[in-house]
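A.B. asks: Each chain, written out:
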Amino acid sequence: MNPFNYDAEQLLNVAYQVRRDIVRMVHAVNSGHPGGSLGCTEFLVSLYFRQMTHKPEFDMNGIGEDLFFLSNGHISPVWYSTLARAGYFDPKELATFRKLNSRLQGHPATEEGLPGIRIASGSLGQGPSVAIGAAQVKKLNGDDKLVYVLTGDGELEEGQVWEAAMYAAHHKVDNFIWTVDYNGQQIDGPVDAVMSLGNLHAKFEAFGWKVLHCDNGNNFASLLPVLDEAKALTGQGQPICILMNTQMGYGVDFMMGSHKWHGVAPNDAQLEQALLQLKETLNDY
Amino acid sequence: MKDFPYSESKDTRSGFGAGLLELGRTNPNVVALCADLVGSLKMGDFIKEFPERFFQVGIAEANMIGLAAGMTIGGKIPFTGTFANFSTGRVYDQIRQSVAYSGKNVKICASHAGLTLGEDGATHQILEDLGMMKMLPHMTVINPCDYNQTKAATIAIADYEGPVYLRFGRPVVPNFTPADQKFEIGKALMLNEGKDVTILATGHLVWKAILAGKLLAEQGIDAEIINIHTIKPLDTEAILASVRKTGCVVTAEEHNYNGGLGESVARVLAQQLPSPQEFVAVMDTFGESGTPEQLMEKYGLNEQSIVSAVQRAISRKK
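Chain order of the listed sequences is A and B.
If you're matching positions, the first sequence starts at 1 in my numbering and goes up one per residue.
If you're matching positions, the second sequence starts at 1 in my numbering and goes up one per residue.
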């Protein structure tokens, strides 16, 4: 059972605040990755405020809980904000993001003991392996909860993710849902220009996965039914992949749909312009 | 010079296999992963008895390290098995981020380390693994010397919470350490007390150091021989106490002299007790094909090399 179990309207309210947090966090240190963070806001908010059984009183082993792993660690701002707003730590701590002596490192880490983080990520391609290992231990422990991982799409250029894809199908890791943030952008430009992924659906299917599509990961009406369907398909001998179309920078008009805001922070005027588009719903930190 | 009787010679990798089997029986949290080298790693007995706690990964070492890191979440103690080369260099970044930086309780168990892999040649003979692993914060690095010590080390690391690199090998070597000797991580073992020189040896070079000690005794040189099975954390107290007494030191290891045991010892001595030190190690080259004995001779990792190094070290004493 999710501790919030919010409906779409309540989720939207949280999403506005998370987006405000993201742009304020990266602006404050003039660094960080707003584009992918804004694009994945609906996904993270849905997991923590509706989809997953989890306890904000953090326990590393997470027995009896659904677990989430962020493989594309550079979108840490959306994860930190979501965790804080879900009660893992005080939202005031978001002000320390990327600063010296902070628990909120540029990329997620366990070293400083930030509640909610179970593995360091940032060097890409490692999250699916880690999450699959955790999912197999759930089975060994007789724990019927699920494991989620999020990767980028450019991240699929790393070879390790395909090792993991092959392994999960072979070992029938069917308590596992891998979502790909299919925004079509990476640092050097559109994914299709940098290193085209071809037919991703066919690739995952050929590896033995059940593949679902979310046409608009920035719309709860499109996203929630897919997340429900993925959950319903667990336990049937196949790992599950969601190809989730999103727009990088979604919610801030001048950041949308371009790789330009992958790793660039807004200046003072841009921040002001962004915040005008994002309602303050849960009080700024 | 003390005598070190032994009744048989065995490979250290079999000590790992025996230790893993015993852990299977005594510690339900121990799980094992292997990247298509079950026979080479001697994991067969564990797999036969505990098939549900074994995970075949195929030839995908990067995935194996990530899986193992994930398996600690939920309380398991994963032991990964493959050759030392594929356990370290091939997956350095995976170990760095998912295991060491994340502080995960993963035991990276590496066979066929060093030159004694033999005929397969340099692609498989890693001589840089101790250096790579000891540079990682949080990582414990262990290189036992014979079957009994490898078995004891395998069992001991399951009770230690944190990432460990356990390095062992393929050749058959005298099994001389007592079967009931307790393995204490980070605690050097005094093998022979002496006053003229300290020989600090690790892994397969420990037996060579014993052979060298006998040759030195014939020349009237009284060597203190210490088994450094744990490269990190290094038993600096034992090292300093010995070198204070003998005034010079020889380190011996089946590893590049860059990054190995010798370099760790040199750092300790430079800071606390500057002393003449000589290195028995591979001098920054790759290996090649050959029998283990031929390679150890060509690359200067035998008892004669240790004797020469001792003579050099003693001659440099003030």
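Calculated directly from the structure, the hints in this document are not laboratory data.
These figures come from a predicted structure and were not determined experimentally.
Certain hints may be false.
Unchecked claim - Output of the computed footprint for chain A on chain B, the stretches with three or more beta carbons under 8 Å from beta carbons of chain A:
{"#": "1", "region": "46-58"}
{"#": "2", "region": "74-88"}
{"#": "3", "region": "93-99"}
Stated by the list, open to error - Calculated pairs, EDC-like style, for lysine to aspartate or glutamate (alpha carbon to alpha carbon, straight line, at most 20 Å):
{"#": "4", "chain 1": "B", "residue 1": "10", "chain 2": "B", "residue 2": "284"}
{"#": "5", "chain 1": "A", "residue 1": "139", "chain 2": "B", "residue 2": "52"}
{"#": "6", "chain 1": "A", "residue 1": "139", "chain 2": "B", "residue 2": "49"}
{"#": "7", "chain 1": "A", "residue 1": "172", "chain 2": "B", "residue 2": "52"}
{"#": "8", "chain 1": "B", "residue 1": "134", "chain 2": "A", "residue 2": "59"}
{"#": "9", "chain 1": "A", "residue 1": "172", "chain 2": "B", "residue 2": "293"}
As the list claims (entries may be wrong) - Computed Cβ-Cβ distance ranges for the label pairs, DEER-style:
{"#": "10", "chain 1": "A", "residue 1": "273", "chain 2": "B", "residue 2": "27", "range": "55 to 63 Å"}
{"#": "11", "chain 1": "B", "residue 1": "274", "chain 2": "A", "residue 2": "196", "range": "53 to 61 Å"}
{"#": "12", "chain 1": "B", "residue 1": "51", "chain 2": "A", "residue 2": "8", "range": "25 to 33 Å"}
{"#": "13", "chain 1": "B", "residue 1": "184", "chain 2": "A", "residue 2": "13", "range": "55 to 63 Å"}
{"#": "14", "chain 1": "B", "residue 1": "290", "chain 2": "A", "residue 2": "192", "range": "44 to 52 Å"}
{"#": "15", "chain 1": "A", "residue 1": "90", "chain 2": "B", "residue 2": "285", "range": "53 to 61 Å"}
{"#": "16", "chain 1": "B", "residue 1": "39", "chain 2": "A", "residue 2": "60", "range": "53 to 61 Å"}
{"#": "17", "chain 1": "A", "residue 1": "235", "chain 2": "B", "residue 2": "285", "range": "23 to 31 Å"}
{"#": "18", "chain 1": "A", "residue 1": "215", "chain 2": "B", "residue 2": "289", "range": "37 to 45 Å"}
{"#": "19", "chain 1": "B", "residue 1": "7", "chain 2": "A", "residue 2": "111", "range": "43 to 51 Å"}
{"#": "20", "chain 1": "B", "residue 1": "267", "chain 2": "A", "residue 2": "144", "range": "46 to 54 Å"}
{"#": "21", "chain 1": "A", "residue 1": "111", "chain 2": "B", "residue 2": "240", "range": "27 to 35 Å"}
{"#": "22", "chain 1": "A", "residue 1": "236", "chain 2": "B", "residue 2": "178", "range": "52 to 60 Å"}
Beta carbons are placed, not taken as given, at the ideal position from N, Cα and C, and that holds for glycine.
A.B. asks: Each of the hints needs a verdict: does it hold here or not?
C.D. replies: Against the structure, the hints come out as follows:
{"no.": "1", "hint": "46-58", "in the structure": "holds (count 5)"}
{"no.": "2", "hint": "74-88", "in the structure": "holds (count 4)"}
{"no.": "3", "hint": "93-99", "in the structure": "holds (count 5)"}
{"no.": "4", "hint": "B/10 to B/284", "in the structure": "violated (29 Å)"}
{"no.": "5", "hint": "A/139 to B/52", "in the structure": "holds (10 Å)"}
{"no.": "6", "hint": "A/139 to B/49", "in the structure": "holds (19 Å)"}
{"no.": "7", "hint": "A/172 to B/52", "in the structure": "holds (14 Å)"}
{"no.": "8", "hint": "B/134 to A/59", "in the structure": "violated (30 Å)"}
{"no.": "9", "hint": "A/172 to B/293", "in the structure": "violated (46 Å)"}
{"no.": "10", "hint": "A/273 to B/27: 55 to 63 Å", "in the structure": "holds (59 Å)"}
{"no.": "11", "hint": "B/274 to A/196: 53 to 61 Å", "in the structure": "holds (60 Å)"}
{"no.": "12", "hint": "B/51 to A/8: 25 to 33 Å", "in the structure": "violated (46 Å)"}
{"no.": "13", "hint": "B/184 to A/13: 55 to 63 Å", "in the structure": "holds (57 Å)"}
{"no.": "14", "hint": "B/290 to A/192: 44 to 52 Å", "in the structure": "holds (51 Å)"}
{"no.": "15", "hint": "A/90 to B/285: 53 to 61 Å", "in the structure": "holds (56 Å)"}
{"no.": "16", "hint": "B/39 to A/60: 53 to 61 Å", "in the structure": "violated (35 Å)"}
{"no.": "17", "hint": "A/235 to B/285: 23 to 31 Å", "in the structure": "violated (54 Å)"}
{"no.": "18", "hint": "A/215 to B/289: 37 to 45 Å", "in the structure": "violated (58 Å)"}
{"no.": "19", "hint": "B/7 to A/111: 43 to 51 Å", "in the structure": "holds (47 Å)"}
{"no.": "20", "hint": "B/267 to A/144: 46 to 54 Å", "in the structure": "holds (51 Å)"}
{"no.": "21", "hint": "A/111 to B/240: 27 to 35 Å", "in the structure": "holds (31 Å)"}
{"no.": "22", "hint": "A/236 to B/178: 52 to 60 Å", "in the structure": "holds (54 Å)"}
Comparing the model with each earlier hint shows violations of hints 4, 8, 9, 12, 16, 17 and 18; every other hint is respected.
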